[in-house]
Structure formats: C-alpha cells, structure tokens
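Asks: Sequence:
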Amino acid sequence: MNMESNVPKAVSLSIQELILDAEDTWIRLEGLAETTEYTVRLQAARGLETSAIVSTSFTTGNRLFPTPQNCAQHLLNGESLSGIYTIYINRDLSQGVQVYCDMTTDGGGWIVFQRRQNGLTDFSRKWSDYKIGFGNLEDEFWLGLDNIQKIAAQGRYELRIDMKDGQESVYANYDRFSIGDSKSLYKLRIGEYNGTAGDSLSYHQSRPFSTKDKDNDIAVTNCAMSYKGAWWYKNCHRANLNGKYGESRHSQGINWYHWKGHEFSIPFVEMKMRPFNYRSISGKRRRSTQ
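UniProt numbering puts the first residue of the sequence shown at 1, with every later residue one more than the last.
Calculated directly from the structure, the hints in this document are not laboratory data.
A portion of the hints provided could be inaccurate.
[To be verified] Here are the simulated distance ranges between beta carbons:
#1 D106 / I19: 27 to 35 Å
#2 I53 / Q167: 27 to 35 Å
#3 S128 / S248: 36 to 44 Å
#4 S226 / D139: 23 to 31 Å
#5 I19 / L120: 35 to 43 Å
[To be verified] In silico EDC-like cross-links for lysine to aspartate or glutamate, where the CA-CA straight-line distance does not exceed 20 Å:
#6 K126 / E140
#7 K183 / D165
#8 K183 / D215
#9 K131 / E49
#10 K214 / E168
#11 K187 / D175
We put the CB at the ideal spot given by N, CA and C, even for glycine.
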C-alpha cells in the first residue's frame, strides 16, 4: 500500500509505503497531519504477478482536543503509543508540561507522575526538588508537587498505583485524587479504594507532604529523615513509595504495608492519574465510530 499527502509542493510531499499481510482487512495510520488530504494506492502482489492499482483519497479532520490537558485527551486524539507527550494545563499554551503517558494499562490515558524501577535516581531529596520534580521521564522520576497539584485541579481525577515484584503484580485505585496547593503543604486527598494491593494509602488521608528538610508529620521524629524518603507522612507510614530503593530494613524501603509489609522494598512502582470520567467518554466515542 502506498500513501501520499496531497499538500503544496512548496510545503512538502510525504510518501509512505506499507506492506500488508494477505489476511489484513484494515490498518491504523499514526501521525497523520490535521486537515490534510491523503491519497492511498493499493496493489496486490503474488510472486511476480501484480494486480491493477486501486486508489482512493480521504481528508483528515481537526483533532478532538487541539491543546490536550492530559494523556486521556491525547489518547482520544488517536495517540495510542505510551511515551512522552506535552499537556497544557487548563488548555493554556504557556503552561505546557512534558509528561509520560501510559496508553495501555486499564484502558490507558494515564499521566504517570512517579516511577521506581532500578534505584538509579536518589529520592531522598529536599523540599525544593520535590516541589519542581526530578529524574528522567523514561526512567525513574517524580513529576513535581506543583505540576501534580495543577494537573489534578483541572477536574475530578482518579489515582492508580501499579506495583510489581517479578511476575507478581498488584494495583490500588482511588476514585478521587488531588493535592492541595503549596500553602496547604500539598495536602493529600483521595477517594474510595478498590484493587488487589490492599489499602495502604488511606492512612495518609489529609496529611501534608514532608521531606527531610521540611518536617510536617505528627511523629516525634522526622519521618522523611528516618525512613529515607518524602511522603504524606503521618506517624509515620503505611505506604512509603519514595523510600530507599532495595532497602529491606524496617520501613526504610519502598513499602506498601498491605501487600508486602514494612520489610520488603518493592522493585517496581508507578503512580498515575487520569480523569475520572475517561471511561464513559471513551466508551461513547467508540460507539459513535462503530
């Protein structure tokens, strides 16, 4: 199959050739330009024999969301591959933020805002680092409290936490997720739990964030200092997903109490959020295109 975009020569002429299997009845085309006419030419081949060329044309429309606010809107725009995308907080072009989008888990459309997987990034950091974010979006990272707060303030978001140990995997889902602004010390707010990991986060409900240089917990000691991380500590934790990677000493590693207890450091964690109404929107759109 040969496809070309019909644009003025002064702009460019893009030609792409695709080989289909004999049993293929459809193909998904990625990366097409908006409001552009494309011509598709199809020719069958068997050995040295070829068929006559059949051609047709189509014109792409505008994207559903020209300035996507989240990964769900990127997915609804047809961007189905997981990876790095730019989102625009409140559709404001001056507030573009690069994020990692998980487009596959439980229907996709998730903004990943934390990942632990190899211990190459130090998570025992100061308040200023947790405020603006750190790490590599394609490896280990923390997106930043300011970014997390602004994104989740755009509407109702849900939270999903995926955890893995070898072939074993569990998740925790909360049907509401937001954090307060900097004046509230990024206080955690979550809704009802469901999942397979057990509920270790509700213990931290309404707690402000703490780091080793900004102690906002209610314990006698500095929880962030004692347990090698930064979190919405209380007295001190049931979950410690920013703890020290690979550390099995009591409460100092990456812990989720209701799954692996306080003396096991979970090797893989992702924290992610998406609009709560994404399922209903995507379902309606799928039905409208059938």
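Asks: Next, verify each hint and record whether it holds.
Replies: Outcome of the hint check:
1. Roughly 33 Å separates the CB atoms of D106 and I19, a value that falls within the hinted 27 to 35 Å.
2. Separated by about 49 Å at the C-beta atoms, I53 and Q167 break the suggested range of 27 to 35 Å.
3. For S128 paired with S248, a C-beta distance near 29 Å fails the hint of 36 to 44 Å.
4. For S226 and D139, the hinted distance range of 23 to 31 Å is satisfied, since their beta carbons lie about 27 Å from each other.
5. Distance hint check: the CB atoms of I19 and L120 are about 39 Å apart, consistent with the given range 35 to 43 Å.
6. Between K126 and E140 the alpha-carbon distance is near 17 Å, which keeps this suggested pair within the 20 Å criterion.
7. Under the criterion of a C-alpha separation no larger than 20 Å, the hint pairing K183 with D165 is inconsistent with the structure, at around 37 Å.
8. Pair hint K183 plus D215 holds up; C-alpha atoms about 15 Å apart against a cutoff of 20 Å.
9. Restraint check for K131 and E49: the C-alpha separation of about 64 Å exceeds 20 Å, so the hint is violated.
10. Distance check on the hinted pair: K214 and E168 sit about 35 Å apart at the alpha-carbon level, beyond 20 Å; violated.
11. Of the pairs offered as hints, the one joining K187 and D175 holds, with about 17 Å between alpha carbons and a cut-off of 20 Å not exceeded.
Comparing the model with each earlier hint shows violations of hints 2, 3, 7, 9, 10; every other hint is respected.
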